[in-house]
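A.B. asks: Chain residues, written in single-letter form:
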Amino acid sequence: MSAHPVARTLRGFSQALARTLVSEDAAHARGLLQGIDPRVKLVGMMALVVASALSHRVDTLLELLAVGVGLAMMSRVSLWSLARRVWLVAFVFSFMIAAPAMFLTPGVVVWRWGWLAATAPGVHTAALLVLRVEAAVTLSTLLVLTTPWMWLLKALRTLWVPVEVIALLAMTHRYVVLLAETANQMFESRQSRMVGRVKGREQRHMMINTGGVLLSKTMAMGDEVYMAMLARGFRGEVRLLAEFRMKGRDWLMGAALLMLAVAAVVAGR
Amino acid sequence: MHDLQHNPESVTLRTTEFEASDLHFAYEGVAALRGLSLNVREGERIALLGANGSGKSTLLRMMDGLLFATSGTMKFRGQALTEAALGDDKFALGFHRQVGLVFQNPDVQLFNPTVFDEVAFGPLQMGWGRDEVLERVNKALEWIGASHLRNRAPYRLSGGEKKRVAIASVVVLEPDVLLLDEPTAALDPRSQSQVIELLGSWNDGRKTIITATHQLEVLGEICERAVVLEGGAIVADAAPQTILNDTALLQRANLVHIHRHTHDGVPHRHSSPYLHHEHQ
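So the protein lines, in turn, are chains A and B.
Counting from 5, one number per residue, gives the positions in the first sequence under the working numbering.
Counting from 0, one number per residue, gives the positions in the second sequence under the working numbering.
Excised from the complex, chain B in its bound form (with noise of 0.2 Å):
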């Protein structure tokens, strides 16, 4: 496993926010986790790789006390996520206005019936006062750029902006931290740009935001530090870059493939289009 890259002072010196130690998880005995141990700390800007299936969602479920591990322990600033703590009313409200999960489809997320009520639904749920909502959820709307949409059906809008009122919906709580399962997914390049650089001006640096993908054309933009997970476990961890220049472990993670084409009608073949590669 590679070892973590990027600077070791600036994270040493910020506190831990999620430890998961030897998860274990099964969805009808089909194993999920396999011994998974991650730490994260305050400020980190992580990638979880991966390909379908090997475990990120079920990770960022867990690391939103949505899901609980069969065995192991994932604790959050020190305080175990179990299902006990997370049935406590309390401190789930606490729990969920510090930590926000966007999910990797929009439609499962967006359930009221306006994208007003939609960004409001979390706000509302915290208790906060009218004013209060109000101003964050037209600060929230403008900060996506959907104010003109804010009387619409959420079902009615395109993926990029379902996607858009999807992070305005959790963003507006103002979160530490930020779960984002695969938010550029089935995407169009604008929309995708568009989601990336919201994200980035969201960050004031000590937010914590990790994200899982396949998608290493936007590693660059979105990570410090990329952990690759494998059939439930990790297999390795470090800085973007370092991930990016091992070909045979993004092949043996299926997260690029062989590709064959011609130039000139010379047979030719690569890892992938995403990967830095000098036609000859």
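Chain A extracted, bound-state conformation (with noise of 0.2 Å):
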């Protein structure tokens, strides 16, 4: 019997998740941002992330969604990868919170459907909003795409960050793989004791079941991960083999990235 098409995407969606974040291709690949200093990158995308949410123009923030899709591209990170995995999410979830403004702004009507009427102020700030999260979600996602995950642990904590947020971020990205594979396993072994259709609300009663079956089996071993964790010494510091060196393409890259923030931020106003 074929997987019901949920199903199937839930599949697809958490074995690539797990695949992303535990094999950090993409931070192992030979590219502009991979071979940054991580601690210049983290920097430097945050202050763009931020000039994001500042920005009040369309223009910039489609400038900036630019910067990424053109450091992606310099960083050999797949833009079709980033388009079905990132953009499309983003797209999705921002595009429902933002769809109201569009009717509920008051405003020239530039759409009329029946009684729903879109209004140009409306669609202007859903725009604003959807393409504010976009580029936020872009450049956040290159950061960690081209940062192995320890080395932007690391980053974190020579910026201060204190000790119990890189335990508990260390946590969460185990976590996260753990939820992955499990829903995975779950997944494969509820289909194969599966025999001909599921009506819809016996299908929702399984799929609430199950939700609530992987939480609690995730967070048992997620506390068992962090058992593992502590009984090899782990107490919240962050310790790598590679020491953190700042070289001339650093400091160039770092001031390239500052420089394009405060200019997005005053452009953007």
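Misleading hints may appear alongside valid ones.
Quick list of simulated restraints, FRET-style, between CB atoms [claimed, not checked]:
#, chain 1, residue 1, chain 2, residue 2, range
1, B, 25, A, 131, 20 to 30 Å
2, B, 52, A, 239, 26 to 36 Å
3, A, 85, B, 250, 49 to 59 Å
4, A, 66, B, 25, 58 to 68 Å
5, B, 134, A, 189, 50 to 60 Å
6, A, 247, B, 250, 52 to 62 Å
7, A, 210, B, 155, 25 to 35 Å
Some chain A residues near chain B, calculated using beta-carbon distances under 7 Å [said to hold, decoys possible]:
#, residue
8, 217
9, 228
10, 243
FYI, nobody ran anything at the bench for these hints, they're computed from the structure.
For each residue, glycine too, the CB sits at the ideal point set by N, CA and C.
Take the two lone chains and join them into the complex the hints point to.
C.D. replies: The structure is reproduced here in structure tokens:
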């Protein structure tokens, strides 16, 4: 029996998530962002994310998004993969939140469908929100994809982020991977025991029950992972074999990213 | 309860590593340990036997300072393993350097992107220098025969490879005490014997190895003392052969079951495929 489309999509998503988070393939590719000191990348990309959040102009947000696309291309991050896993998901969620504004904001009506009427200021507000989310998510995803997770944690630590927060992030990362892996196994296990078609209501019940079991299972496993980290001496401090050293190109890249961020804040006012 | 059967003179000269005294522990109201007391001496190879839920894993986690008794005390070399003691970074680091735990499920223990990072995780936490970390990790990978896997993602390894990497990630710290939770569970026979051979080759006679298991067929190879747990308490503590000869005890502790089969159409029953047994 073939899997339900929703189950198939969720399974594919969780497999891809686990693969991306664990393998860190993009982080080890030879590209522009991969060659930059993680501290510079962290500060520079976060400055661009803040600039996206502060921007009130559609054209500035489009330019920031273009910067993200350019950086992705120069860092050998697949645009197709970004579109499927980041842009589409960010668009769906942000559009769901922004859509009511198109119809509730007063102004000149630009589109009408029955009693629904979208106004020009409404569409502008919705576009701003969607673009802000797209730009911010693209830039932060690039930061995570092009930096090995432990390096990112160490970069955060060198920027005085408390040990407790670092420990929390380290655990969250592993927890998400565990959640994805366990979800895969549960889907496969359920699929192997199902015969015939399941009615919509039963399907929903099963999905809710599975979700509950999945959460409690992964929480228990998350506790075990934390214990396994403690058992090998983890105290929240990130220790790596490689030491961070600033080179000329790091200073240049840092300056370029910060200047771009400042320019975006000024232009986006 | 059985008395310790192996040569007492060989252990009386050795120092006491663990002293567990009247330990009680419960998971959300469900008792896991009920008044358990146990002494472990330096260099002993002990098997903790018991069915699922008998308290083996809980005891190992207490010995590794990861869980703390609701009442009773657990001491390592005279120092009580309390939440306050393990909350001290200096003590915790020193303790985890001396006592290593290999978890039952290698997936929870393997959280780094590559096998190399995984094995290097412990030495890096200890704050050792780059050269020392590299040397120890290379040595550990060579020892488990996994040098060729160093750049592979741990989650892509087979069950046996994962288990060997999990063992290497603990043994790389060269602890004095090694705690193993079901090291051969869910492994194929070849991987099982590889893991047992590895552990045998690691022990130099001074290391203390405590192995939780319910696999009686490996008992002779992993210990000189077997402790049987049932319902969170110790019901026997003796030499492995003494335990293996006590069928009633093994049945009561749910370590063997009555096995029924036929020979030439004649029904036949015995306790376990692993206990010594001659067919007529």
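A.B. asks: Could you check if residue 243 (chain A) really has its C-beta closer than 7 Å to a C-beta on chain B?
C.D. replies: Because about 4 Å separates residue 243 (chain A) from the closest Cβ in chain B, which is inside the 7 Å limit, the hint holds.
A.B. asks: Can the suggested window of 26 to 36 Å be confirmed for the beta-carbon pair residue 52 (chain B) and residue 239 (chain A)?
C.D. replies: 32 Å, holds
A.B. asks: Per the hint of 20 to 30 Å, is the separation of the Cβ atoms of residue 25 (chain B) and residue 131 (chain A) within bounds?
C.D. replies: 57 Å, violated
A.B. asks: Quick check on a hinted range of 52 to 62 Å for residue 247 (chain A) and residue 250 (chain B), using CB atoms only.
C.D. replies: Given about 59 Å between the Cβ atoms, the range holds.
A.B. asks: Given a hinted range of 49 to 59 Å, is it respected by the beta-carbon distance of residue 85 (chain A) and residue 250 (chain B)?
C.D. replies: Holds, at about 57 Å.
A.B. asks: For the range 25 to 35 Å, tell me whether the beta carbons of residue 210 (chain A) and residue 155 (chain B) fit it or not.
C.D. replies: 30 Å, holds
A.B. asks: Would the hint on residue 217 (chain A) stand, with a C-beta cut-off of 7 Å toward chain B?
C.D. replies: 17 Å, violated
A.B. asks: If I claimed the Cβ atoms of residue 134 (chain B) and residue 189 (chain A) lie 50 to 60 Å apart, would that claim hold in this structure?
C.D. replies: 38 Å, violated
A.B. asks: For residue 66 (chain A) and residue 25 (chain B), compare the CB-CB distance with the range 58 to 68 Å and indicate the outcome.
C.D. replies: 59 Å, holds
A.B. asks: Any CB of chain B closer than 7 Å to the CB of residue 228 (chain A)?
C.D. replies: 4 Å, holds
When the structure is compared with the earlier hints, violations turn up for hints 1, 5, 8 and for no others.
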